[in-house]
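As given, the protein sequences belong to chains S and E, one line each in that order.
Residue numbers for the first sequence follow our numbering, so the first one is 24 and each next one is one higher.
Residue numbers for the second sequence follow our numbering, so the first one is 80 and each next one is one higher.
These aren't lab readings, by the way, just hints derived from the structure by calculation.
All of these numbers come straight from a predicted model, not from anything done at the bench.
Honestly, I wouldn't trust all of these hints.
Stated by the list, open to error - Restricting the straight-line Cα-Cα distance to at most 30 Å, the calculated cross-link-like pairs of lysine-lysine (DSS-like) are:
1. S:K119 / E:K348
2. S:K130 / E:K345
3. S:K430 / E:K295
4. S:K169 / E:K295
5. S:K430 / E:K368
6. S:K25 / E:K348
Said to hold, decoys possible - The calculated label-pair distances, taken between Cβ atoms and stated as ranges, are:
7. S:Q712 / E:K142: 50 to 60 Å
8. E:A279 / S:D310: 24 to 34 Å
9. S:N315 / E:S400: 25 to 35 Å
10. S:Q442 / E:G315: 51 to 61 Å
We put the CB at the ideal spot given by N, CA and C, even for glycine.
Given next are the chains, with one letter for each unit.
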Amino acid sequence: MKISLDWLGEHIDLTSYSAEDLDRLLTFSGIEVENIIMMPDKVIVAEIKTIDPHANADKLSVCMVDDGTKDLRQIVCGAQNFKIGDKVPLAVPGAKLGNGFSIKQSKLRGTESHGMLCSQSELGGNDDQGLWILPTEFKIGTPLNKIYPTIFDLEITPNRPDCLSHLGIARELSALSDKKLKGNPDYTLSETPQRIANKSEANILSPEKCSLYTTRIIRNVQVTESPHWLKTKIESIGLRSINNIVDITNYVMMEMGQPLHAFDFNTLEGGICVRPAKEGEKFTALDGLNYNLSTDDLVIADENKAIAIAGIMGGADTGITEKSQDVLLESAYFLSPSIRKSSRSLGLSTDSSYRFERGVDPSQIIGSSELATKLILELAGGKADKETLISNAYEDSLQSISLDPDKCRSVLGHNLKDQEMIEILEGLRLRKIEIRDNISDWEIPSYRRDLTRTADLHEEIARVYGIDNIPSLHAGWFAKSSEADHFFDFIENNSNELSSIGFYETRTIKLTSKLKIDDCVCTDNLNAIAIKNPLSDDLTHMRPGLIASLIDVAERNLHQGAEGLRFFETGTVFPGKETSEEAQHLAILISGPEQSSWIHPSPTPAGFFTLKGILERIIDKPIEFILADIKQENAAFIVNIAIDNKVIGRAAQIAPSRARQIDARHPIFVAELNLDLVFAERSQQVIYQELPKYPSIRRDIAMELPFSLPNREIEKVLREIDSSLLESFKLFDLFYDETGNRMDKNKKSIAYSLTYRNDARTLKSAEVDTEHEKILSELRTKLPIEFR
Amino acid sequence: MVEELENILKDATLAISNACTIDELDKLRLTFLGKKGIVTIIAAKMKDLGKEEKPAAGKALNKTRSVINDALEAKVLNIQEKEDKKIGENIDVTLPGNPLPRVGRHPISQMLSEAVNALRRMGFSLANGPEIETEWHCFDALNTPEDHPARNESDTFYFADGRLLRTHTSTVQIRTMQNNEPPVRIISPGAAYRRDEIDATHLSQFNQLEGLYVDKNVSLADLKGTLEYLLHSIFGKETRIRFRPHFFPFTEPSFEIDILLQAQGKQPKWIEVAGCGMVDPNVFLEVNKSRGDNNYSPDQVSGFAFGLGLERLAMIRWGISDIRLLIENDIRFLHQFA
Chain S
24 MKISLDWLGE HIDLTSYSAE DLDRLLTFSG IEVENIIMMP DKVIVAEIKT IDPHANADKL
84 SVCMVDDGTK DLRQIVCGAQ NFKIGDKVPL AVPGAKLGNG FSIKQSKLRG TESHGMLCSQ
144 SELGGNDDQG LWILPTEFKI GTPLNKIYPT IFDLEITPNR PDCLSHLGIA RELSALSDKK
204 LKGNPDYTLS ETPQRIANKS EANILSPEKC SLYTTRIIRN VQVTESPHWL KTKIESIGLR
264 SINNIVDITN YVMMEMGQPL HAFDFNTLEG GICVRPAKEG EKFTALDGLN YNLSTDDLVI
324 ADENKAIAIA GIMGGADTGI TEKSQDVLLE SAYFLSPSIR KSSRSLGLST DSSYRFERGV
384 DPSQIIGSSE LATKLILELA GGKADKETLI SNAYEDSLQS ISLDPDKCRS VLGHNLKDQE
444 MIEILEGLRL RKIEIRDNIS DWEIPSYRRD LTRTADLHEE IARVYGIDNI PSLHAGWFAK
504 SSEADHFFDF IENNSNELSS IGFYETRTIK LTSKLKIDDC VCTDNLNAIA IKNPLSDDLT
564 HMRPGLIASL IDVAERNLHQ GAEGLRFFET GTVFPGKETS EEAQHLAILI SGPEQSSWIH
624 PSPTPAGFFT LKGILERIID KPIEFILADI KQENAAFIVN IAIDNKVIGR AAQIAPSRAR
684 QIDARHPIFV AELNLDLVFA ERSQQVIYQE LPKYPSIRRD IAMELPFSLP NREIEKVLRE
744 IDSSLLESFK LFDLFYDETG NRMDKNKKSI AYSLTYRNDA RTLKSAEVDT EHEKILSELR
804 TKLPIEFR
Chain E
80 MVEELENILK DATLAISNAC TIDELDKLRL TFLGKKGIVT IIAAKMKDLG KEEKPAAGKA
140 LNKTRSVIND ALEAKVLNIQ EKEDKKIGEN IDVTLPGNPL PRVGRHPISQ MLSEAVNALR
200 RMGFSLANGP EIETEWHCFD ALNTPEDHPA RNESDTFYFA DGRLLRTHTS TVQIRTMQNN
260 EPPVRIISPG AAYRRDEIDA THLSQFNQLE GLYVDKNVSL ADLKGTLEYL LHSIFGKETR
320 IRFRPHFFPF TEPSFEIDIL LQAQGKQPKW IEVAGCGMVD PNVFLEVNKS RGDNNYSPDQ
380 VSGFAFGLGL ERLAMIRWGI SDIRLLIEND IRFLHQFA
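Can you make the complete structure from the sequences, with help from the hints?
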């Protein structure tokens, strides 16, 4: 909302405050100052007298301008949009423009320029297309900041509708400063109108949505253009001037905060009523658009038709035009929820609906009508009917709230004196009714409907006292670590470990699409949860797994030229099952070679066993990989990852056809782990093992076995062998030949090295031979293998 | 034989002095002193010699062996010395190093980690809550009016069963108070969702860090001390911070916190980084209603709550101008935070 400083000055004397002071006062009272539009000093109205081309520059021209002094002034100018006789803003040397740019006398391509002609944007406005052509009636030499008042653009929080007017802001500033309001302007007419309550002329059929409706008829008015003062006043705060009657209603709204509407009385047929719209009722509003109303919308209607959408916008056919003679002025109290709902469902928000939605001051409804009537009589002539017709006279009882100063001090954490609190509340125009046992009762003004509880008074006191004046406390107690703390640390450790071995951590958004879900090859995606009201086709579901996001990231990076891809992401997924609707997963994607260097110009591209090695590193316990009997279109194969037979995740190679779609030059391997499960399986404390005192003896085994026999079978036999001497075993060679030239293609050769040790003494070669022979025969018995 | 040995010694001395590498010397050692070396073969003939010849021959043999041996060792030392010297001379230390991976965490994670560390130093523990929430947890319990615009389908994502994607992490305040007796002092990082079109300053899903402290006599002064400490930890001791009164349904009084951003070559500017306030009594009442007790009586306890936008913090900290960079995960971007 725009507020004019000059206009505020009618209510409160702010001459001793600079714009910066006011900015600070408002900001620290909770009113956000979005922008201050202020004409700089030393910018004046000038008239273009001559325009000549610049001798040394095609795009510049040399102008002589009249600045109100005896001699013309020479200015070099780059704009094209002006002609002789135009009035334009002239910044003379010494002027400081908004961006810190100061004007000096200078030479441009050899020609002297004694100042600068300005565009609107150079003076804080929006328009940057050429010079700002000013209205011709402006007097040459007048400083622009005498014509255009300083404007504050304010953001008012929804709890403070009382600040949506000049009077409201003035009231607020008076509470925050030591300046008193200049006293209520005199709105009353010389001839006090008769107030006639509950006349049938305005029949309220929906009292729950409109608790007060007043009308006043002013006859024989002259609808004309507004006088200069009114026009510039409302234009300065960004409103468009229409005619004197409409401008007056807007002026009163910006002055008092009460939206008014003026109807052309002669277009109305019969008595007025406030009623719900009929289902499907058509209405053409002042904006020229047709609206389809429903029974939830409230309308003002005459006997035959709707004439306004209550509190939002009047009708196209009943508004004030130059032909209007008699005006019916509406000032009413429409209730917030109804207006809010209508405004939203119709997609129509106006200055009027904005104020009703937040709540207007019921005690100002008649006063606003009277101020408007007074102005209409002054500016458009005519004669006002003696009565203001009032329907459903609103009876507003003022609320009171009690304040316990001790409680307030405790909430603020500061020893504010009782008297300081009282002064703050009185400054805000709250009235102290009673004090008993130090607890005071305060009557709340009708326009402060946001104040309903003691906590609200604490807020007012904190706000006006200033949080800067409240000390900062540094105290607390020892905190217990929660399960969430341990889980957070667990994820941090995993993530740090992955980054340290070269994996980039990604963070993608958790919304995905049905199509993308097919890329989540490591999860069951049947129960993916759909959003009821998605914003776009590509974000329609909650992600059931992380792989789709990583494939997206891979694609983006492949397209910008990356070759080796190493990514991981940790985050919430939404499997959508009853048991685990949300889970924390970790996904890894690996493809292509590690970073090359001049020492290793062509490192090996990552393979499946690179991925497996990484998983073995980040998971504490031994993990098992079991080929899963799952087919997914986008996966070449899928593997279950298990700890002690419990599946904790899956790994897969992305189908080559899918990899080609994203222009991958190397196979892509992925894995996704359920971190909740991995966390539950994490190892407990490490216990130190004594270092061996006696040397070990190593024996190698080379065996030939069927190609289809998995390595796991060998390891199983070795692990289960009852041997007190076998300390460890390790695979060190694998050979097979798909062509069958060097070895039967149905066979493979695997070599293991076995380490023997006795913790109590040095082993003898002979006893190792015996033990080794025992192991060989065990292997031979249990597996279809031959030794080489 | 003595003569023969003298000739061998001459040959050996010459060959050794001509040798240039350790390899050549190793070969010479084999040639002369090895199992099948020249000297060894001659030594085998000793047994054929007469008794009177043996002492002289033996002496000559030992001498030959030890002289060759000494010469070999001397030469080895000599060559090693030369080679050792070369090491320092022949290396171009300006060639690039063999690179190890240099990767940092995602900037949002780095930001989060710092904030969590600072808050833990103050005695906050972590808490979690679901992202798919009930309307009650997200709005009703947080004193949000029935017809508040945030509840609209145009602003918030809903599911068919009436639940929604939480619009703020403040839901965890409610869940924590439902499940724990006062006092509580928790923080909760997590995702929040708004039905916003993605552009340079908006994401439909973003990350927040929520905080809640409820106890007897928690005051505005505690809130101020905590958040000042947190923001000074993140942005540096010198950073200027201001609390600006604002409005949120679930706190009273409410504040927004700004920090003074001093970008190079630009006018210093106040930028909003967090929202906070004293827990509204209505929130406590609503929690009590659902707990079925009065343990969070607004007359007995008070508390403060705050929420930080992690994207905003990261953008300010690193001067990132477009929020989308934070979800695109371009390596060229991520690499800068290593």
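Between the alpha carbons of K430 of chain S and K368 of chain E, is the straight-line distance 30 Å or under? OK: K430 of chain S and K368 of chain E at ~23 Å, within 30 Å.
Do the alpha carbons of K430 of chain S and K295 of chain E lie within 30 Å of each other, as the hint requires? Distance ~12 Å between K430 of chain S and K295 of chain E Cα, so the pair holds.
Check the following: the C-beta atoms of Q442 of chain S and G315 of chain E are separated by a distance inside 51 to 61 Å. 40 Å, violated
Beta-carbon spacing of A279 of chain E to D310 of chain S - inside the hinted bounds 24 to 34 Å or not: Between A279 of chain E and D310 of chain S, where Cβ atoms are some 31 Å apart, the hint holds.
Hint consistency between K119 of chain S and K348 of chain E [alpha-carbon to alpha-carbon, up to 30 Å]: 19 Å, holds
Mind checking the hinted window 50 to 60 Å against the Cβ distance between Q712 of chain S and K142 of chain E? Holds - the Cβ-Cβ distance for Q712 of chain S and K142 of chain E, about 57 Å, lies within 50 to 60 Å.
Pairwise beta carbon distance, N315 of chain S to S400 of chain E, judged against the given window 25 to 35 Å: Violated - the Cβ-Cβ distance for N315 of chain S and S400 of chain E, about 43 Å, lies outside 25 to 35 Å.
Restraint check for K169 of chain S with K295 of chain E, where alpha carbons must lie at most 30 Å apart: 56 Å, violated
Restraint status (C-alpha distance of K130 of chain S to K345 of chain E at most 30 Å): Since the Cα atoms of K130 of chain S and K345 of chain E sit roughly 27 Å apart, the hinted pair holds (cutoff 30 Å).
Holds or violated: K25 of chain S to K348 of chain E, with C-alpha atoms at most 30 Å apart: 21 Å, holds
In this structure, the hints that do not hold are numbers 4, 9 and 10, in rising order.
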